[in-house]
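4 protein chains.
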Amino acid sequence: MQKKLFTLGIKVRDYECDMQGVVNNANYQHYLEHARHEFLKTIGLDFARLNEEGILLVVKRIEMDYHFPLRSGDACEVSCQLERISPLRFGFVQQIIRTSDQKPIISARVIGTSINRQGRPFLPEVLDKQFQPE
Amino acid sequence: MQKKLFTLGIKVRDYECDMQGVVNNANYQHYLEHARHEFLKTIGLDFARLNEEGILLVVKRIEMDYHFPLRSGDACEVSCQLERISPLRFGFVQQIIRTSDQKPIISARVIGTSINRQGRPFLPEVLDKQFQPE
Amino acid sequence: MQKKLFTLGIKVRDYECDMQGVVNNANYQHYLEHARHEFLKTIGLDFARLNEEGILLVVKRIEMDYHFPLRSGDACEVSCQLERISPLRFGFVQQIIRTSDQKPIISARVIGTSINRQGRPFLPEVLDKQFQPE
Amino acid sequence: MQKKLFTLGIKVRDYECDMQGVVNNANYQHYLEHARHEFLKTIGLDFARLNEEGILLVVKRIEMDYHFPLRSGDACEVSCQLERISPLRFGFVQQIIRTSDQKPIISARVIGTSINRQGRPFLPEVLDKQFQPE
Chain A
609 MQKKLFTLGI KVRDYECDMQ GVVNNANYQH YLEHARHEFL KTIGLDFARL
659 NEEGILLVVK RIEMDYHFPL RSGDACEVSC QLERISPLRF GFVQQIIRTS
709 DQKPIISARV IGTSINRQGR PFLPEVLDKQ FQPE
Chain B
609 MQKKLFTLGI KVRDYECDMQ GVVNNANYQH YLEHARHEFL KTIGLDFARL
659 NEEGILLVVK RIEMDYHFPL RSGDACEVSC QLERISPLRF GFVQQIIRTS
709 DQKPIISARV IGTSINRQGR PFLPEVLDKQ FQPE
Chain C
609 MQKKLFTLGI KVRDYECDMQ GVVNNANYQH YLEHARHEFL KTIGLDFARL
659 NEEGILLVVK RIEMDYHFPL RSGDACEVSC QLERISPLRF GFVQQIIRTS
709 DQKPIISARV IGTSINRQGR PFLPEVLDKQ FQPE
Chain D
609 MQKKLFTLGI KVRDYECDMQ GVVNNANYQH YLEHARHEFL KTIGLDFARL
659 NEEGILLVVK RIEMDYHFPL RSGDACEVSC QLERISPLRF GFVQQIIRTS
709 DQKPIISARV IGTSINRQGR PFLPEVLDKQ FQPE
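Chains as they are written, first to last, in the numbering used here: chain A, 609 to 742; chain B, 609 to 742; chain C, 609 to 742; chain D, 609 to 742.
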């Protein structure tokens with residue numbers, strides 16, 4: 609079952625660029641996280657509220673391929689698509705594309721899980737439901 | 609002569625929040641900088657291009673009053689108004705307001721100057737022109 | 609009564625530098641915060657533990673003068689001295705000095721207060737005691 | 609040929625922690641980068657100086673496994689070991705270990721290359737030499 613693609617527009621902020629004049633490597637991870645959290649809201653999951661309720665969404669693994677850097681003045685689109693990895697693990701396939709010419713900037717795969725405050729796996733029903741046949 | 613007010617909308621990103629659950633103090637400075645750079649573009653000054661040409665816009669002083677914190681999910685408006693401090697120094701009067709209820713979040717005053725690579729004062733003409741009577 | 613001076617050594621990390629090749633303005637605020645929190649530990653106050661106990665140390669105002677920028681490879685010393693502003697407000701007078709030649713980098717004054725989760729002023733006794741004549 | 613292991617101690621700074629009370633995922637990438645740059649200095653390569661000379665060290669791929677989070681007050685050791693991937697690509701195998709109990713925090717593999725300002729591959733001799741039989 610193919611999941612719907614979520615896309616978020618982000619404009620480079622100058623403080624995100626480092627001495628090479630390009631967005632610092634770690635900041636793309638910020639872009640990816642922000643897009644995931646905005647995506648999760650669209651399916652009814654609020655990272656901050658879950659956190660207050662004692663349900664922690666955590667990243668277990670991240671893989672990022674850096675194709676081309678973004679610079680000051682650039683805008684990009686950060687996409688996010690959900691995939692099931694295992695009963696308790698879910699993945700986000702994410703791309704960052706430069707808006708002006710659709711040039712690929714980053715390809716990423718982020719694997720997460722959900723735990724409670726005791727560190728036990730705890731998958732919110734609404735997240736589980738994303739993977740049910742409709 | 610009253611300068612036009614520039615305003616930029618910014619949405620809080622979760623990674624900008626610290627363990628108190630609010631936007632970390634230093635990140636408001638990022639918001640203010642981003643709004644200043646976007647404002648400067650509207651008057652024809654590009655921070656990154658100036659930098660490549662050897663003209664460095666630098667902050668000499670910043671004053672920030674913290675009225676109320678922003679949280680995950682909040683959006684804000686960051687304003688920016690130019691004022692002349694001296695022939696070679698210019699100020700930015702900036703406010704951050706929570707979008708939902710116009711609650712004041714930050715009041716700031718940022719004093720900057722412009723130097724060349726040798727550290728000598730060098731005010732771009734276009735910046736100087738902002739302060740001429742029209 | 610003169611308070612003891614606390615000093616913390618910090619080495620510039622390359623990701624803290626922006627496209628001008630110098631430490632980004634907002635990152636000095638990170639240095640100042642880190643030095644304050646390390647200083648507070650020396651008088652028995654742990655920012656994170658206080659936070660868990662529902663006591664929030666918050667910044668109300670910050671003033672920073674930027675004298676000279678730090679670059680990749682630089683090390684600095686961040687100092688911190690406590691001063692009483694009012695019964696419920698305390699100040700930190702802070703300096704950042706480049707280690708190699710003691711060149712002044714930043715002079716700052718940070719005014720804070722302490723509140724509980726209801727937003728009511730709540731000054732921890734150990735902080736109050738700092739201002740008693742010994 | 610086994611390369612020497614480089615290790616750098618880093619203490620968690622409170623602003624690096626997010627609303628979950630743990631170091632934000634992207635900040636581990638900052639730790640890894642800082643350790644790589646410090647390691648490179650020990651073999652005679654200065655990231656900032658190379659950058660000024662027009663030689664850009666760039667990350668092409670990063671893989672990070674998140675084993676356990678760091679919290680306020682934690683210290684860690686970030687290690688770095690060089691491996692050759694191909695004539696023009698080199699890898700860094702990196703670990704982050706909690707200092708107090710040697711608990712594994714992050715395992716990472718970072719693949720980089722070196723290019724000149726025209727985007728052409730350009731491997732500094734000193735980096736190339738790291739892979740020669742001694």
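Treat the hints as calculated values from the structure; they're not laboratory data.
Careful, some of the hints might be misleading.
Any copy, or any two copies together, can satisfy a pair, since identical chains are not distinguished.
Said to hold, decoys possible - When the alpha-carbon atoms are kept at most 27 angstroms apart in a straight line, the in silico BS3-like pairs for lysine-lysine are as follows:
hint, residue 1, residue 2
1, K649, K619
2, K737, K612
3, K711, K737
4, K649, K612
Practice task
Evaluate K711 and K737 at a C-alpha cut-off of 27 angstroms and name the case that applies: within, between, both or neither.
Solution key: neither (34 angstroms within a copy, 35 angstroms between copies)
Handout entry: Up to 27 angstroms CA-CA - K619 versus K649, copy category
Key = So K649 and K619 pass the 27 angstroms test inside a copy (20 angstroms) and across (14 angstroms) alike.
Practice task
Can you give me the call for K737 and K612, within, between, both or neither, at a CA distance of at most 27 angstroms?
Solution key: For K737 and K612, only the intra-copy Cα distance (14 angstroms) is at most 27 angstroms; the inter-copy one is 49 angstroms.
Exercise for the section: At 27 angstroms max between alpha carbons, let me know whether K649 reaches K612 within a copy, between copies, both or neither. Expected result: Within one copy, since 14 angstroms is at most 27 angstroms while 36 angstroms is not.
Going down the numbered hints, you'll see the structure goes against just number 3.
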